[in-house]
Structures are given as structure tokens and as C-alpha cells.
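Bring the two chains, given one by one in their own frames, into a single complex with the hints.
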Amino acid sequence: MNSLLLDLSLLFMMVAIIPCVYRVIKGPTIPDRVIAVDAMTTVIVVMLGVYSYVQESVFFMDVALVLAIISFVGTVTISKYLDEGVVL
Amino acid sequence: MITTEIVLEFFSNFILILGLMFVFLGMLGILRLPDVYNRLHATTKIGTLGAFGVMLSILMKVGFTPIGVKAITVGLFLLLTAPVAAHMIGRAAHRHGVDLCDISVIDEYDKTYK
Numbered sequence: 001m002n003s004l005l006l007d008l009s010l011l012f013m014m015v016a017i018i019p020c021v022y023r024v025i026k027g028p029t030i031p032d033r034v035i036a037v038d039a040m041t042t043v044i045v046v047m048l049g050v051y052s053y054v055q056e057s058v059f060f061m062d063v064a065l066v067l068a069i070i071s072f073v074g075t076v077t078i079s080k081y082l083d084e085g086v087v088l
Numbered sequence: 089m090i091t092t093e094i095v096l097e098f099f100s101n102f103i104l105i106l107g108l109m110f111v112f113l114g115m116l117g118i119l120r121l122p123d124v125y126n127r128l129h130a131t132t133k134i135g136t137l138g139a140f141g142v143m144l145s146i147l148m149k150v151g152f153t154p155i156g157v158k159a160i161t162v163g164l165f166l167l168l169t170a171p172v173a174a175h176m177i178g179r180a181a182h183r184h185g186v187d188l189c190d191i192s193v194i195d196e197y198d199k200t201y202k
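Protein chains in written order, with the working numbering: chain A, 1 to 88; chain B, 89 to 202.
Isolated chain B, as found in the complex (with noise of 0.2 angstroms):
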């Protein structure tokens, strides 16, 4: 039994420090990258890989108390939402008339719906 705890601290420190890693990248991309549609694809990892991933953690820290079971509802949630909600601010953005960077090589919505 007391094996089972050590692996499963393990592993629950190793995620944690996953999805702190996803949290780093993304904060990265939105410093650096040159565009609305590249900082979307950095920030989306943050709400998906970042968030579930720590909440992942904090359920295998604490087991199935009302804890766990919030952390990793709040986990589900972001990773069902933040596709979404990309996916909308990305669409309302080209259509709003936001410009690629520009070394952009092609844009093919641009040719769908005009």
C-alpha cells in the first residue's frame, strides 16, 4: 500500500509539472508570436493541456473527495470549452477583418467565403 502512494505522488508531481510546462509555453507564445491566429494556437494549449492537466494532479493527489471530483469537473469543462471558444474568436477574427502576419504563406478561408 504504501508503494502505491509513493508512484501515485509520483506521477501526480510529474503531470503537475507537465501542465505547468504547457502554462510556460503558452505565456511564451503570447509574448512572442506575431499574430491573432498563432497566439490563439498557443493560448488554446493553456485551457486544454495546462488546466487539465493540473487538475489531473490535484484529483490524484487528493483521491474522490469533493475536491477531486470539482478539480477534475473544472478540468473537463476547460478542455470540453476552450476549443470552442477558440474556434469562434479565430472565426470572428478573420471575418472582423484581422490581417495574417506577413510571412504567411496561404489563407484558405480567405477563398471559402468570399
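Next up, chain A with everything else stripped away, as it sits in the complex (with noise of 0.2 angstroms):
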């Protein structure tokens, strides 16, 4: 029962990356692709998460935790030259 949510879980995650995909290419703007490049780390992010407990392994985790950093990082960054247009 637990192993099986789990799977479905990891499956769904499988999925969801699709519609930030469709964005990606689709989407009419440049903040379009950013959201969806975001939104698709984080999705990545989850699933490293549930990876880490399905496999009882922590260095899922670590690469869960530098992810996430470099996502912010990057939307930040891309959103300063978006608006100043200057990164620093």
C-alpha cells in the first residue's frame, strides 16, 4: 500500500513535467518560460524527495537541496536583467 502511493506519486511527478514542457517551447513570452522552467525544477525537485525515501539513500536529498538553490538563483537572476538589463 505505501510502496504503491509511492510509485503512483513518482509516476504523477513523470507527468506533470509535460505541461511545463508544452510552456516552454509554446509560451509567448520570455516570463512564460521562466515560470514554467521554475515551476519545472521544483516538480523535479519533489520527486527527488520521494526518490530519496523510496531508495533510503540522503544523497537524493543533497541534489534536491542544490536544485532548488540554483533555481532561485537563476529566476532571480534572469528576472533582474529582464528588468534593469544588467545581472549585477
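Calculated directly from the structure, the hints in this document are not laboratory data. These numbers were taken from a predicted model, which means no experiment stands behind them. Errors might be hidden in some of the hints.
[Unchecked claim] The following residues of chain B were derived to be distant from chain A, with all beta-carbon distances above 12 angstroms:
no.: 1; residue: I90
no.: 2; residue: T92
no.: 3; residue: V95
no.: 4; residue: L128
no.: 5; residue: V150
no.: 6; residue: T169
no.: 7; residue: D187
no.: 8; residue: S192
no.: 9; residue: V193
no.: 10; residue: D195
no.: 11; residue: E196
no.: 12; residue: K199
no.: 13; residue: T200
[Stated by the list, open to error] Computed from the model, here is a short list of chain A residues facing chain B with C-beta under 8 angstroms:
no.: 14; residue: P19
no.: 15; residue: V21
no.: 16; residue: L65
Note that beta-carbon positions come from the ideal geometry of N, C-alpha and C, so glycine has one too.
The following block contains the structure:
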């Protein structure tokens, strides 16, 4: 029961990447694509967390934390670039 | 003691399903909503409630082991940084000149900074 629920949640999050990829390809403006990449990264972080519990390994959780930090820094950098024209 | 474990397992699965439901609603929003700002409003729910719910569920499953502590660290980090990133990208989109959708009623930020 427990393992079935976690496997189904992993499968569901694999399916949940598809709308983000659709919005990255089709999205009319640049902020659409940034938002879609941000959402896709969050889904991947959640997937890594569940996978770390399924495999009983700590290392996937480190990957999830680093991916979350990189996603935040990338989003802030791109929005500063769109807003002011410079990064720093 | 066995009753406590069963109750904790039940609430853990319940919070996991709640977080997955927020992920589903965010994906529905990113597919169907008409506008950058509406889509931003939908996808921030994945970062805050969905991710934090799933990580809290993992913490309730394993207790305060290294997996659980790192899971709640990732959850709190996403809970803190997702609204900041959403605010910055929304402000940058508005100042970059992305229009609102046709059925929008009012745009108050347009008056404040021009």
C-alpha cells in the first residue's frame, strides 16, 4: 500500500513535467518560459525527495537542495536582467 | 505505540496526497490560464504548498533521521524562496511590457510607477 502510493506519486510527477515542457516550447513571452522552467525544477525537486525516501538514500536529498538553490538564483538573475538590463 | 504509528502513517499519506493535488492544480493552471500573471499565480502553489506538503510527509514517515531533516530543510527553503522569485519575475514581466489578458478589469500597478 505504502510503496504503491509512492510509486504512483513518482509516476504522477513524471506526467506533471509534460505541461511545463509544453509551456517552455510554446509560451509567447520570456517570463512564461522562466515560470515554466521554475515550476519544472520544483517538480523535479519534489520527485527527488520522494525518490530519496523510496531508495532510502540521503544523497538524492542533497541533489534536491542544490537544485532548489540553483533554481532560485537563476530565476532572480533572469528577472533582474529583464527588469534593468544588467545582471549585477 | 502501535496506534501512534498508524495515525502518523495516515496523516503522512493524507498530506502527501494533498501536496500532489496542489501539484496537479498548478499543472492545470500552467496549461489553461490565459496570462503570464495568472499562470504565475497558479505555479507558485507548487513551490509553496505542494513541495512543502510532500517534504513534510516524508519527515512524518521517517522521523528526525538525516533524510527527514534534509527533507524539511528543502521544504522550508522552497517555502521561503518561491514567493520571492514569483514577486521578482512578476514585477520584471510587468516592467518589461508584457500585456495583461483581454478580460482583465483593472491594472493598478500601471498607474503607480509611470
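Each hint, compared with the structure:
no., hint, verdict
1, I90, "holds (16 angstroms)"
2, T92, "holds (17 angstroms)"
3, V95, "holds (15 angstroms)"
4, L128, "violated (6 angstroms)"
5, V150, "violated (7 angstroms)"
6, T169, "violated (4 angstroms)"
7, D187, "violated (9 angstroms)"
8, S192, "holds (15 angstroms)"
9, V193, "holds (21 angstroms)"
10, D195, "holds (16 angstroms)"
11, E196, "holds (19 angstroms)"
12, K199, "holds (19 angstroms)"
13, T200, "holds (16 angstroms)"
14, P19, "holds (5 angstroms)"
15, V21, "violated (11 angstroms)"
16, L65, "holds (5 angstroms)"
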